[in-house]
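*Asks:* Assembly of the complex is requested from the two constituent chains, each provided in isolation within its own frame, with the hints serving as guidance.
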Amino acid sequence: MTDALVPKVADPKTVLRGSSPLADHSEGMSYLERLPRRLVTLYLPLSIILLVLLFPFYWMALTAIKPDEQLLNLEKFNPFWTWNPTLKHIQKLIFETYYPLWLWNTMLVAICATILSIVASVLAAYAIVRLRYRGAQWVGGAIFLAYLVPPSILFIPLSSVVFQYGLFDTPFALILTYPTILIPFSTWLLMGYFKTIPFELEECALIDGASRWQILTKIVLPLAIPGLISAFIFCFTLCWNEFIYALTFLSSTQNKTVPVAIVNEFVDGDIYRWGSLMAGALVGSLPLVILYAFFVEHYVSAMTGAVKE
Amino acid sequence: MTDAAISNTKPALRDPSAWDRLKVNSNWLSIWFMLPAAAFLILFLAYPLGLGVWISFTDARIGRGGNFVGLENYEWLWDDTVFWLSVFNTLLYTIVASIIKFAVGLYLAILLNENLPFKAMLRAVVLIPFIVPTVLSAIAFWWLYDSQFSIISWSLRKAGLISTNIDFLGDVWNARWSVIFANIWRGVPFVAITLLAGLQTVSPSLYEAATIDGANRWQMFRHVTYPLLTPIIAVVMTFSVLFTFTDFQLIWVLTRGGPVNATQLMATLSYQRAIVGGHLGEGAAISTAMIPFLLAAIMLSWFGLQRRKWQQGESND
Chain X
1 MTDALVPKVA
11 DPKTVLRGSS
21 PLADHSEGMS
31 YLERLPRRLV
41 TLYLPLSIIL
51 LVLLFPFYWM
61 ALTAIKPDEQ
71 LLNLEKFNPF
81 WTWNPTLKHI
91 QKLIFETYYP
101 LWLWNTMLVA
111 ICATILSIVA
121 SVLAAYAIVR
131 LRYRGAQWVG
141 GAIFLAYLVP
151 PSILFIPLSS
161 VVFQYGLFDT
171 PFALILTYPT
181 ILIPFSTWLL
191 MGYFKTIPFE
201 LEECALIDGA
211 SRWQILTKIV
221 LPLAIPGLIS
231 AFIFCFTLCW
241 NEFIYALTFL
251 SSTQNKTVPV
261 AIVNEFVDGD
271 IYRWGSLMAG
281 ALVGSLPLVI
291 LYAFFVEHYV
301 SAMTGAVKE
Chain P
310 MTDAAISNTK
320 PALRDPSAWD
330 RLKVNSNWLS
340 IWFMLPAAAF
350 LILFLAYPLG
360 LGVWISFTDA
370 RIGRGGNFVG
380 LENYEWLWDD
390 TVFWLSVFNT
400 LLYTIVASII
410 KFAVGLYLAI
420 LLNENLPFKA
430 MLRAVVLIPF
440 IVPTVLSAIA
450 FWWLYDSQFS
460 IISWSLRKAG
470 LISTNIDFLG
480 DVWNARWSVI
490 FANIWRGVPF
500 VAITLLAGLQ
510 TVSPSLYEAA
520 TIDGANRWQM
530 FRHVTYPLLT
540 PIIAVVMTFS
550 VLFTFTDFQL
560 IWVLTRGGPV
570 NATQLMATLS
580 YQRAIVGGHL
590 GEGAAISTAM
600 IPFLLAAIML
610 SWFGLQRRKW
620 QQGESND
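Protein chains in written order, with the working numbering: chain X, 1 to 309; chain P, 310 to 626.
Chain P with its partners taken away, still in its complex shape (with noise of 0.2 Å):
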């Protein structure tokens, strides 16, 4: 606001020949400056976001490019079962990684912000397992999840709690809480640690406050700390959840879906119908199925929490 008001007191000083030329030139200059981002953004994103949406109606393959046929991947994908199962996973897989990625994020968040030794250290360490490439700590669990030689497993039988090793990833519902448990293994980092910048704005006096009032921790937590904090939680679980939505390489390392379809995501089925089956016409079908659910996600998780802001009276900065 006050960086527009002085541009627009500016020309008054100035000679209007100089002013006039600037002003010339700056929206020149503009074009020119914007011209490579846009030319990368329209080229490889604008252009192929149409491209999937148009393919979808058509029933190309690799190598072939498609004849338009209407809304027949629709109708195919319509009565799969495959798809719904598909549908039902992403969706489970998404909710309940999010809500555990929230809770312990935010745990842990609030656990960081303490008075600690080492604590540069310790939140530096923490960040470690979102630096490693998904698919190289994918590939970790990938051994500790091993049928046979599972360290989990021995560990559990030798402290008498097992008799038999854990099928982690052969198993229908066990396949589908090991693929959430490491996706809420990389995720919790991130949210920690943006939440932990948050906490951090929250002025220690309004603890005191609630202290000689008289309230309790959880009452601390409830009434200071989370709504403080809920414009920031409103970002950082509008990323969260829509890149849990749009999980594919966890998935693909770890099972490529199966076992029969369990852990089958949106995005692992459009690649195994695209790429591996050569439908590029399928494929793109269930790509562009995933955004409108990707868009009420996004409506959800940012007007859901961004509401109760205004609701607290405060001004919408």
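If we strip away everything but chain X, and leave its shape as in the complex, we get (with noise of 0.2 Å):
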């Protein structure tokens, strides 16, 4: 099961760099191509791309920085560029609105349920790749499985669930029940993590009469740091990101996670609500984009992880 599932993929600081073993050949023959036709084979296809792929964030950045009446009126300003700059809506959010209490929340929310799953799933990890007890490979397979099981078909009996544990409308629903996400991708990407720590380090320690516990926190741990820090990433953004959970789950106001709250409290019949609306989005988008920032790396190491192992 498990081994039908490796295809070959690169380090991931190399997806980055683009530097990979076979560096010295990595131009490639490249040379035989001159600038013009480069330009158009290559810069222009791609530029056209990234404009796309980019466009929406500008958007969103200079519509939360507009004034209101240059947002409306397209004919008198230049609608791609603003000379006055606004924080006015930003302040609105941050003063007039559960904003700041609903960034709390969602922070909340996907710290606990990450922390949960992680430690959770470095145990079931290790227990499956290491300890090897009976049925490890079939576990193995039934947690990727879980992973393939997606939320909008879990949705309506997690929300019975949810309501006969009286978990409804307190962060606690969502704590416990985004680990069922995160657990099944964590276990998955620790599992390739702790396969390439040598055996013969463990065995020295069993040898000097470690127990498995100590092993654990000892050797495999510190080992396997990148790997947690990938899947701490990931799995913070996938909370970040979980929507109908929320949605489903929570009904006050002041309970609320971001995305939910946006759809939810700011779409009313008010045209002057764009400004807001876009401040609100950029504002929530930004601790992830700032997290990703600083940790490219190990974030495309997850995603590529989660696609090899």
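None of these hints come from the bench; they were simulated from the model. Treat the hints loosely; a few may be bogus.
Just a few of them, taken from the derived set where beta-carbon distance is under 10 Å, the chain P residues facing chain X [to be verified]:
no.: 1; residue: Asn336
no.: 2; residue: Phe342
no.: 3; residue: Glu423
no.: 4; residue: Ile475
no.: 5; residue: Val497
no.: 6; residue: Tyr535
no.: 7; residue: Phe548
no.: 8; residue: Ala576
All residues carry an ideal CB built from backbone N, CA and C; glycine is no exception.
*Replies:* Written as structure tokens, this is what we have:
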């Protein structure tokens, strides 16, 4: 089962830097192509795609700082730029709505769910890869299948489960249900990392009389730190992104997470809502983009790692 | 394989009693190690999955447990034109979006694999649409698709291509293409970066050999790049199809299934019936009806692409 799922994937660092072990040849035969040709076949399509990919963000940021009258009067003002940016929308967001509270809720849920999932996944992945109990391979396969179960077919029964356990409209509803999305992913990712740690290290420790717990905390985990960071960041992003559970399990305004709150609380008939709506979307994405900027490589390794294993 | 061999030879080197203790410990320990993950997955994944199927056979409503009604919900759905419309929409959405995501993603991956200035930065920037929460970027699209103040309509009008604003989300087919475009926009970076990781394992010497044999660019792609990439394409596309098929957020933000259910997907319809309308049983029947489609989609993209690999006589590593 697991063996069939191992296509070759480059190391995450090389995905970003492009300096593979084959670096000496990385230029390949590109010297055969002259600049005009590269301009048409490479730079032009690339810049069109990049423009399309990034334009919504530019537009989001621009709308968030434009004064209202410029937003709606496309004829009088040049819509692609503004000379008098304003922080009014962001100010309104912070002081006139529950936005800071929503940010805090999202952060709390994301951090708690991520920590819970990582702890559970570390233990499970270690047991599957290294303790090799009977049926470990099947459990590994089952966890991969669990990764393929989408939230949109689970939210109805889960809502009644959440109700039965008395968790409805509390942060715990999300903290306890998000791990079902995160654990399969991070277990799978960490299994890959643990497999790369030489078995001999653990054998030495066993001979020296270390217990399994000591091996895990003193040998395996320190060596798997890149994997842990990847798993942590990716889980955090998934939590932040999650919508359908938060929409279904939370009802009061104060408990909502940013995505749900923006969709439900900002959308009214007011045609001047766009500024604050875009400010809300911008501020809500910033934490993730900043986190991403610092850990790009880990992020890519989580993404390709999930595919690789 | 080698690991197993090592652990099999180990007992011979050891004091038997120590080994026995370890063996007992190891199984006992495994249970403890698996416990937290298993508890979560059983309580909040396996149990609800079964419960969902059960609810679909009852007439449960919000706040009231249901009685067993057999296949009534399914019979009801069978005659429901809105349900069949949502099936059509979901299939259209999944098939069109997945194919375009794959094509553009692969193209972008190939472009990014070239020797470029600011390579690392470009590659990092490409991923941003995937990082930003779907709902928040969907809201940006909502504003881009606004019927009055859309910047796309404005630009096209200024360029003299159209005379009136495009009603992106108000017209049946416009709305469908608009949500498909937004989905593609979000999915392309994932496909591109994961395929790029696969592309980088292809040795340049293979291309050099192909050039010497007189292959043109298309032949190089078709007979060198593509065969080497198939395993990773299979995995990426399986994920892509799966997530597109079960998409909810994008539709919910942009159209909520409107206009006149033109963009109603199975996921949004089940939410509308179960949570908004309160008919849990009916909603659960719709979600359960997604499972065979999902399995078929996974099988198709998985085995369809995976088969090529062993047809080429490669060992199934």
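*Asks:* State the violated hints by number, sorted upward, taking the hints as numbered earlier in the document.
*Replies:* 4 and 6
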